[in-house]
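Novice: Heads up: the sequence lines are chains A and B, in that order.
If you count the first sequence from 1, position 278 lands on 278 in this note's numbering, and the numbers rise without skipping.
If you count the second sequence from 1, position 13 lands on 568 in this note's numbering, and the numbers rise without skipping.
No lab work stands behind these hints: they were computed from the structure.
Take the hints with a grain of salt, since some may be wrong.
Anything over 12 Å on all C-beta distances counts as not near chain B; from chain A, calculated [said to hold, decoys possible]: (1) Asp35; (2) Gly39; (3) Leu70; (4) Ser87; (5) Val100; (6) Ile243; (7) Arg370; (8) Glu418; (9) Met458; (10) Thr496; (11) Ala544.
Capping the alpha-carbon separation at 25 Å, the derived lysine-lysine pairs in BS3-like fashion look like this [unchecked claim]: (12) A:Lys119 <-> B:Lys593; (13) A:Lys425 <-> A:Lys542; (14) B:Lys722 <-> A:Lys525; (15) B:Lys571 <-> B:Lys602; (16) B:Lys633 <-> A:Lys119; (17) B:Lys593 <-> A:Lys478; (18) A:Lys119 <-> B:Lys623; (19) B:Lys722 <-> A:Lys244; (20) A:Lys401 <-> A:Lys425; (21) B:Lys633 <-> A:Lys478; (22) A:Lys227 <-> B:Lys722; (23) A:Lys46 <-> B:Lys576; (24) A:Lys425 <-> A:Lys478; (25) A:Lys119 <-> B:Lys706; (26) A:Lys478 <-> B:Lys602; (27) A:Lys227 <-> B:Lys706; (28) B:Lys559 <-> A:Lys478.
Where is the CB? At the ideal position from N, CA and C, for every residue including glycine.
The chain contents come next:
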Amino acid sequence: MAEAKFDEMDHYKQAELMKFDFRPPPTGWMDTPTDFRPGSWIYPGKAKHLEYLDLPNPREWAVTDEDWQLPKNWKEIVLEGMRERLSRYRTFKIFMDICVRCGACADKCHFFIGGGDPKNMPVMRAELLRSIYRKDFTALGKVFGKLAGGRELTVDVIKEWFYYFFQCTECRRCSVFCPYGIDTAEITIIGRELLGLLGLYVNWVIEPVANCFRTGNHLGIQPHGLKDTLEFFAEDIEDSTGIKVDIPLNKKGAEVLFVTPSGDFLADPGTYTCMGYMALFHEIGLDYTWSTYASEGGNFGLFTSHETIKRLNAKIYAEAKRLGVKWILGGECGHMWRVLNQYMDTMNGPPDFLEVPKSPLTGTVFDNARSTKMVHIMEFTADLIRHGKLKLDPSRNDHIKVTFHDSCNPARAMGILEEPRYVLKNVCNNFYEMPPNTIREQTFCCGGGAGLGTDENMEMRLRGGLPRGNAVRYVQDKFGVNELACMCAIDRATLTTVCDYWAPPVRVTGIHELVSNALQMKGAKDREVNFRLEEIEHWKQKAAPAGRKEGSSDV
Amino acid sequence: MTLKDLLHSSRAAILKRWFEKTLETYAPDASAFFDGQKDRFANPVGKALRTGTRVMLDCLLGEMDAEKICAGLEEIVKIRSIQDFTPAQAVSFIFSLRQIIREELGQELDSSRLTELAEFETRIDQLALFAFDIYVKCRERLYEIRVDEVKRSVSGLMRRLNREEEKAQS
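With the hints as extra help, turn the sequences into a complete structure.
Specialist: And the structure:
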């Protein structure tokens, strides 16, 4: 009998039909090829940005290309780069050697928790690099190769590095749990540096870096553009409060230089936070200045290489010196503070020409910033409130039920845990914490830090944002939370998206936007709209003449 | 005893196998974690798979309440639609329930029950149809929020330009 064709019933054998298997192929990690699925990787850096920064191997290429146009001696470059870094960074050498694969970090990464890709377990992500280290830099690995956990460096390994080192947000949650204190963020930083030696960058990082090097900020806003932007904010503040705030720009001899991430200049809702700073400084009469040169607090150099961190950061002290300020105040930003707190002083300091920061309003000396001379605005504002220097009416935020997301860098790298909560509790009546294992030192990343906050890798970001979004949804269901406050410019952009998917319609706000709602400014009119120019029903009722009927207090 | 009674008596076993079978669509390291970690905030995927499969099975065995079924389905599909799966893989866990039920019933499943089985499997088909809807809804949402984010990244600039234009016109 002739074999049945595929469109005849006899072609299908019942026993065979039942044998289906949805399981992934059971290969070892070294033999599992990287699947470059669209939505999980980032577009490569454009040649013109690499050229601008004098970075190696500028060319136009695509992740989907078979040939990534690496230099002919790429292998030698990478191994030499590793050798150099192993001798220069003691931490890197130690982190390559001491991991005992205890697994404490394995289930702590938000990308693994949300996506389930084993190579997103921090131990495995480090192993991508460590396996090459073993093979080429340890006696055991040189002799026993794979048996000793070593593997050959191939082009596929480089591609795998590119895929996974740009799936780490350098949030350091895993490091909190590592008994040896291995900082996986530093391994990612080195991994990206090695990729950089071959000209493998992502555009979402390297374009801002080039912009920042050229114009002073990631967005490439030129001095007149920044002036226009701040004037525009001042108009909105005037529409909302009736008060015209000053915009001190490049003011020589000001007491304080104020530096904030440039995301606050263009992207909502960061813009409203920026207006919050301006209103606050006006109200307390702070002698401060913006700078059109040091117009970026953020530092995408942190996502590129140690050298680039230094190049971009140098402008802050240089500008402080040129303007002759006494100390520096920084806005609500995340990774900016890892750089300022942990690298700036060593890389570009010591800034002996500055004074130890002292609040002109309260006399508080910020001893914690004795060396860097730079204070986080959350410390500054908390101190103002503590000394009763601000007239606040927290009921102005009664239409908001707010929770707080600890941004990875201020929380884990700096320990700024209490100040934002103190400020929030003083400007809002309805503040609710998310579950303990999702906040403070254990906070979950937004999924878009360290240069991942672009849109082409949205699937990956939503996987990484799931643990945070899940905790937001919990307080939304339990307490009716409708706003998520954070003090990081990347968070303000990326968490808006995370909430839109995992916990709609919770919206995101900076803390100084909430401060500005509660702030009773001298000479202000009866406010009916916030800085978003939204009418707030209970503000309108208070502002309305007596006799007007009471109504809902919702927005 | 009707087929539904039989299934009710095996509910716990079916649910366990369905959960395990769904876990098997992930790599072994991931499925061990999704299964083992019981804290809902440390392991939102495991929590969603457990809750979602339970809600759906209860609906299949009881009232086919579309709202409840879709809520259970959405718990899972919302996650799987942005994980490393093709569309077919993302909703494959629904079809595995057919096999599990047939295997679980074993000898009890004689020819006299085929009509009842066909009826029950129609319910699973219904579930699959809902899953397609939810999968597409989630993917559409993914692209919407992607566009929204790009718009937001220049929204401050656009407001400013619009105002300048208004000023110029007035």
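Novice: Evaluate each hint against the coordinates.
Specialist: Okay, the hints, checked on the actual structure:
no. : hint                  : result
1   : Asp35                 : violated (7 Å)
2   : Gly39                 : violated (8 Å)
3   : Leu70                 : holds (26 Å)
4   : Ser87                 : holds (34 Å)
5   : Val100                : holds (18 Å)
6   : Ile243                : holds (19 Å)
7   : Arg370                : holds (36 Å)
8   : Glu418                : holds (22 Å)
9   : Met458                : violated (5 Å)
10  : Thr496                : violated (7 Å)
11  : Ala544                : holds (27 Å)
12  : A:Lys119 <-> B:Lys593 : holds (22 Å)
13  : A:Lys425 <-> A:Lys542 : holds (22 Å)
14  : B:Lys722 <-> A:Lys525 : holds (24 Å)
15  : B:Lys571 <-> B:Lys602 : holds (14 Å)
16  : B:Lys633 <-> A:Lys119 : holds (22 Å)
17  : B:Lys593 <-> A:Lys478 : holds (20 Å)
18  : A:Lys119 <-> B:Lys623 : violated (36 Å)
19  : B:Lys722 <-> A:Lys244 : holds (19 Å)
20  : A:Lys401 <-> A:Lys425 : holds (11 Å)
21  : B:Lys633 <-> A:Lys478 : holds (21 Å)
22  : A:Lys227 <-> B:Lys722 : holds (18 Å)
23  : A:Lys46 <-> B:Lys576  : violated (44 Å)
24  : A:Lys425 <-> A:Lys478 : holds (19 Å)
25  : A:Lys119 <-> B:Lys706 : violated (33 Å)
26  : A:Lys478 <-> B:Lys602 : holds (17 Å)
27  : A:Lys227 <-> B:Lys706 : holds (23 Å)
28  : B:Lys559 <-> A:Lys478 : violated (36 Å)
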